[in-house]
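A.B. asks: Here this note's numbering runs 363 ahead of the position in the sequence shown, where the first position is 1.
Keep in mind that the hints were calculated from the coordinates and are not lab data.
Do not take every clue at face value.
[As the list claims (entries may be wrong)] Simulated pairs of lysine to aspartate or glutamate, EDC-like, Cα-Cα distance not exceeding 20 Å:
{"id": "1", "residue 1": "Lys380", "residue 2": "Glu481"}
{"id": "2", "residue 1": "Lys523", "residue 2": "Glu369"}
{"id": "3", "residue 1": "Lys583", "residue 2": "Glu535"}
{"id": "4", "residue 1": "Lys583", "residue 2": "Glu558"}
{"id": "5", "residue 1": "Lys380", "residue 2": "Glu491"}
{"id": "6", "residue 1": "Lys380", "residue 2": "Asp495"}
{"id": "7", "residue 1": "Lys523", "residue 2": "Asp507"}
{"id": "8", "residue 1": "Lys380", "residue 2": "Glu399"}
{"id": "9", "residue 1": "Lys583", "residue 2": "Glu481"}
{"id": "10", "residue 1": "Lys523", "residue 2": "Glu481"}
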Amino acid sequence: DLVGTEHLSDLWVRRAKAFRYGPSHVLGTSVFCLHEPPAYRSARFDPDIDRCFYTIVGPDSDVEMLRYIRDAYGGRLPGPGAGTWVNSLWDPAQAPPGSHAATGWYFFPPASALSPGEWVEVRATYNERFLDRWRRFAPNMTADNVMAHRLYTPDQMERKNLMREGDFSNGEFALDQLGANRPFPEASNYRTEVEGLYLCGPSAYPGGGVHAACGYNAFKAIAEDLGVSSPLRAERGY
Numbered sequence: 364d365l366v367g368t369e370h371l372s373d374l375w376v377r378r379a380k381a382f383r384y385g386p387s388h389v390l391g392t393s394v395f396c397l398h399e400p401p402a403y404r405s406a407r408f409d410p411d412i413d414r415c416f417y418t419i420v421g422p423d424s425d426v427e428m429l430r431y432i433r434d435a436y437g438g439r440l441p442g443p444g445a446g447t448w449v450n451s452l453w454d455p456a457q458a459p460p461g462s463h464a465a466t467g468w469y470f471f472p473p474a475s476a477l478s479p480g481e482w483v484e485v486r487a488t489y490n491e492r493f494l495d496r497w498r499r500f501a502p503n504m505t506a507d508n509v510m511a512h513r514l515y516t517p518d519q520m521e522r523k524n525l526m527r528e529g530d531f532s533n534g535e536f537a538l539d540q541l542g543a544n545r546p547f548p549e550a551s552n553y554r555t556e557v558e559g560l561y562l563c564g565p566s567a568y569p570g571g572g573v574h575a576a577c578g579y580n581a582f583k584a585i586a587e588d589l590g591v592s593s594p595l596r597a598e599r600g601y
């Protein structure tokens, strides 16, 4: 839309219009300010559980898990469940001294599935619902321990980060839109038909995530076109 079809070939216009937006990975992101990290009941069997990098707190059975997935992909708000991590266990700079910062990812329906007012209600109540479940496994996740929390919902992600429907993949994850086909074959090397314009978001290979690979790969393409060698290649080998 920003480039204008008059600057692109008919092939690119057709390819761009055929690109499908999922949603594939729609998340709600919560942050929790804690006095102490979660202390799990199961740590009495294995103390390392309290230091897991990523802990899933959610459905207890395959039936409940399938219901959770059907709800999220069917446009309904699923029951509370999240993948959680506490990075301040390894990087104390992420929280003030004597406290911790935790993050949770909820699988949510796309932004358009709920009204703006309904998302406001989700932001006001969903974290508390999840904390009720979290306490079943980590009893110290009480109101006394949780100093503050905030939830960012898909509608906010769509408005602030320009992620269609709040989908961090910003394009359907399907076989014909992955690998050398992402977003489509002619654009899979991050270059466009407009000189100096490159693709570097999750719509490009390898897709959304916290890996920065889309931007790094685009940087390498730009450096190559400018005749500049990558300063990281000597250290990393790629």
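A.B. asks: Now, for every hint given, state plainly whether the structure supports it.
C.D. replies: So, going through the hints one by one against the coordinates:
1. Lys380 to Glu481: Not satisfied, since the Cα-Cα distance of roughly 31 Å exceeds 20 Å.
2. Lys523 to Glu369: violated, 28 Å
3. Lys583 to Glu535: violated, 25 Å
4. Lys583 to Glu558: holds, 16 Å
5. Lys380 to Glu491: violated, 41 Å
6. Lys380 to Asp495: Violated, at about 44 Å.
7. Lys523 to Asp507: Not satisfied, since the Cα-Cα distance of roughly 32 Å exceeds 20 Å.
8. Lys380 to Glu399: violated, 50 Å
9. Lys583 to Glu481: violated, 43 Å
10. Lys523 to Glu481: With a Cα-Cα distance of about 18 Å, the restraint between Lys523 and Glu481 holds, given a limit of 20 Å.
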